[in-house]
Every structure is written in structure tokens, then in C-alpha cells.
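**Q** Here is what each chain is made of, one letter per residue.
Number of protein chains: 4
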Amino acid sequence: MNHTDRKPHHLTVQISYEDTDHSGVVYHANYLKLFARARESVIGIDTMADKWHNDRSTFAVYTITIKYHDGVVFGDELDIRTTWEKEGDYRVIFYHEAWKQNAAKPAVSSTIEVVWLGPRKNVLPIPNFDFLRAK
Amino acid sequence: MNHTDRKPHHLTVQISYEDTDHSGVVYHANYLKLFARARESVIGIDTMADKWHNDRSTFAVYTITIKYHDGVVFGDELDIRTTWEKEGDYRVIFYHEAWKQNAAKPAVSSTIEVVWLGPRKNVLPIPNFDFLRAK
Amino acid sequence: MNHTDRKPHHLTVQISYEDTDHSGVVYHANYLKLFARARESVIGIDTMADKWHNDRSTFAVYTITIKYHDGVVFGDELDIRTTWEKEGDYRVIFYHEAWKQNAAKPAVSSTIEVVWLGPRKNVLPIPNFDFLRAK
Amino acid sequence: MNHTDRKPHHLTVQISYEDTDHSGVVYHANYLKLFARARESVIGIDTMADKWHNDRSTFAVYTITIKYHDGVVFGDELDIRTTWEKEGDYRVIFYHEAWKQNAAKPAVSSTIEVVWLGPRKNVLPIPNFDFLRAK
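Sequences listed follow chains A, B, C and D, in order.
So the first sequence is numbered by numbering that gives the first Met the number 0: it starts at 0 and just counts up by one.
So the second sequence is numbered by numbering that gives the first Met the number 0: it starts at 0 and just counts up by one.
So the third sequence is numbered by numbering that gives the first Met the number 0: it starts at 0 and just counts up by one.
So the fourth sequence is numbered by numbering that gives the first Met the number 0: it starts at 0 and just counts up by one.
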């Protein structure tokens, strides 16, 4: 299923002290934490935790592109919109956008390619997770 | 109002990758972020953001004691229970506990004393916030 | 000056608890902190701090691409190699590589485009910093 | 050996973007990261990494008290002074102070009690590390 055909997953986050830096906006690296929380919400932390605690398998980030269009400040409410698609047997690509309220375009957008690692950090085919079938 | 007379505020947090370290449990410093999110929820981020963006006033942490009783792993759901009391005109003390599900005692507990700083980082009397009157 | 003509800047970092996550390797977002420390070392924190504290001007990250080739664990010593080039009047591009000892290729590589923001978060021409002239 | 008889260990840290929050000073939780780096420097990351990678044993923080006396801003150079003492067979207590240049008192001070955990997160006697014998 192509990611543009998919209804976006929404995660609402209100910007906390921990997200910001002294210049007054969200620290650039911290969007990756917000996007990781969005992916955990899409996949299900329980699903991920079961896989990890049972057989030490886990998703790992392989590549990221990220673009910063607008600053976000303490107290702003972000709507993190996520779509995704499987590419072949070994990759899932997540498309994240962070939207401020009433904005005309996303403040930050990112494409994140993940792979599935087995217990010896070997790349394995992506398991048939529910979120890959969901629309 | 004494903090033990107060009904605890509850914040539920499910432990994310970002919270953990390589030993497999939540990194000790990251509980302070979870407790800060709990305080932001008690006080209201909007309330805090208004004060900050309008006159550069904010709470600042003055002292912390924290005790670690049990490890918490990826996927665990924590119930962060927070009570608080005002002490004189210049201090609010927050009592935080992080409870794992079905636990007999908190995994982590902390007492955090905060003060109110004006725009020149001068200590001022605590404003008459709603959360101080709430029961 | 093209970045490939430039002698790389080296920053040595030994991986600390704070850098890692429960899967046993460095958390993906934390490489951006290590690369930011490398840029601060190239530019000079004192230079950046003077600009910020005097007129609220600062670099801001505009785009990032990052590729993860190998995991890095607690205690590993990384050689962060950084080159850079100015592109037009408004952008500096930094090329970061994180090398483990005796590795045949970098564990992580990243291209990070930065712009210069004035006190109202307006994009301004990059000031004539020493690091842009250095070879 | 009592900690007051010990010559302090010094770690110099210049405050980076990642350390700060939107109020303009170092985020309160981040001092625990700076102090953890100081302990890693005292103990030796290599020593800690060997123990971890060989038998999954590690120090864990048991209690912390921390007091914030002064704000620290981007670019400030901190001298982290650390002393320590063993208390019985099961605890080491670290005393950390973060000093700004030319300051009359520490900006932040902290007492951190650590224990030694075996591979099943069981508390074990502290191994006979070099740093416990050093003066």
C-alpha cells in the first residue's frame, strides 16, 4: 500500500521544557524523539516490547532525511501526522510531518527508513505486523 | 493544603526507546523529564507558556531528592502520581512517584522544590495559580 | 572552498550511558547531538555564544540527511570527522562522519545544512566567521 | 578514605545547545548527565565497558540529592569537581560540584549514591576498582 493512499496516524504532543533549547525553539534532534514516539504509537509499544523481550528483535533506523521549515516554541501543540509503506521485504518507510495549529504547511517533515534486526543485529525480513496491513 | 491531603494527579507514560539506556532500564536522569511532564500537566503547559511568553517568568527547580527502588524497562506503563503543597510565599514542593502496574511500592520517588523566577532570574512570590487552590 | 579539499576536523567522543538506548547501541537521535558538538567545536562555542548573547543571532539547522551503517556501543571511542563548505551567501553545509577505531567505513554519516538567523528568526547572510576561511 | 580528604577530580565541560532549555539556562535534568560523565571519567569508561560487556555488571544510581544555586548559560565553561568515598561494602557516594569560572560558590551541587548490580540486577559488593584506592 502506497503511503499517500494511507490515512495518516495522528499523535498530539504539547511542547515541553525538555524539547527546547536556549534559542527558544525545539532542539533539532528532539524532533527525532517525537517522530520515534509517533512510530511507536503506529506499531504499538506493546508489540515492540514483546518482540524485544522475547527474542531481542527490533526495528532500527537506517536512513533519515529531515527538513525544518518553521520554529516551534514551548507550549505549542503539534499534530504529528505519520504515513508509511513497506518497500520490498526488508524496509518500511515512515513519512512524518509536525503541524502547528492552523498552519499552512508542516513545521518539520521527515522520511525515515527502518529495517528489522534480529538478536545478532542481523537484518531480517520485516515481520507481518498489523500496522502494515491496516489502512 | 498539605500534600498528603491532596488527591494525587495521575499521568500515564509508556516507556519509549528515548527513555532507556544500554543497561536495559530507564536512564536515571530521564525520570526528571517524566516528573517535569507531570508538573507541566498539574500546572498546565498553557498557563506556563502564557507566563513565559508574556513576561519571561517561570518556575525553576531549586532542590531535588530522588530514590530509585526498581528498574523500569521499555514498554512498561508508569503511573506518575503527583501531589504538592505551597510552603510559604516562595516555594512549591512536588512529590512524585512512578508506579509500575500491580507494584507494591513505587519504582522511583522524588521530592522537588520549585521557585518562581521573574524576567531577570530574580526570585518572586509564587503567583496565585489555579493548581495551588485545587483539591 | 570545497569540503573535499578541506582537512577534516576531528572530535573524539567516548560513548557514555546517556548516548545509548535499551537495544544496546547509541540511540539514533543522539548522533545529532554528537555532530552538533562537532560543529560547535569547528565554529567555536565562544564565537557562537558571543553572537547569541550580544544580538540573539544563531545558526539553525535547515536540512539533514543521515545514514546508519553500523551500531556503536557503550565505551566505543568515536572519531567524528567534519568538513564543511559555504554555498552561496546563506548556507553552510557540514559533512560529518563517525568512525569507530580501525573501521573500514564510518558507522554513521550525515550532511547537515545550516542557515543563519537574526534576532527575529529572519534568515540573514552568513557572517564572515574564521572557520569559513580556515583550511 | 573520606571524600573530604580526597583531591577532587576535575572535568571541564563547555555548555552546548543540547544542555539548555528555552528559559536560556541548562535544563535541570541535564546536570545529571554532566555528573554521570564525571563519574565515568573517575571510574574509567573502559573499566565500566569491560565489566558490562563481559558479565553485564554495572553501577546503578540509588539516591540523588541536588541543589541548584545559579543558572548556567550556553557557552559557560563548567569545572565539574568530584570527590567520592566508599560506604560499607555496597555503596559508593559521589559528591559533585559544578563551578562557573571565578565563582564564589558552585552553581549546582549533588550527592549521588551508587550501588553495583550483577547480571540479574541483584545488588553485589562493589568490586575493588582502582578509583576507590586512588588519592
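Mixed in with the good hints, there may be bad ones.
Note that identical chains are pooled: a pair holds if it fits in a single copy or bridges any two copies.
[As the list claims (entries may be wrong)] Derived pair list, reagent style DSSO-like, types lysine-lysine, alpha-carbon separation capped at 30 Å:
1. Lys99 / Lys50
2. Lys120 / Lys6
3. Lys66 / Lys104
4. Lys66 / Lys85
5. Lys6 / Lys66
6. Lys120 / Lys104
7. Lys120 / Lys99
8. Lys85 / Lys104
9. Lys99 / Lys66
If you're looking for bench data, these hints aren't it; they were derived computationally from the structure.
**Q** Hint by hint, note whether the structure agrees.
**A** Here's how the hints hold up against the structure:
{"no.": "1", "hint": "Lys99 / Lys50", "result": "between (34 Å within a copy, 20 Å between copies)"}
{"no.": "2", "hint": "Lys120 / Lys6", "result": "neither (32 Å within a copy, 34 Å between copies)"}
{"no.": "3", "hint": "Lys66 / Lys104", "result": "both (12 Å within a copy, 26 Å between copies)"}
{"no.": "4", "hint": "Lys66 / Lys85", "result": "both (22 Å within a copy, 19 Å between copies)"}
{"no.": "5", "hint": "Lys6 / Lys66", "result": "both (22 Å within a copy, 28 Å between copies)"}
{"no.": "6", "hint": "Lys120 / Lys104", "result": "between (38 Å within a copy, 18 Å between copies)"}
{"no.": "7", "hint": "Lys120 / Lys99", "result": "between (37 Å within a copy, 17 Å between copies)"}
{"no.": "8", "hint": "Lys85 / Lys104", "result": "both (26 Å within a copy, 28 Å between copies)"}
{"no.": "9", "hint": "Lys99 / Lys66", "result": "both (15 Å within a copy, 28 Å between copies)"}
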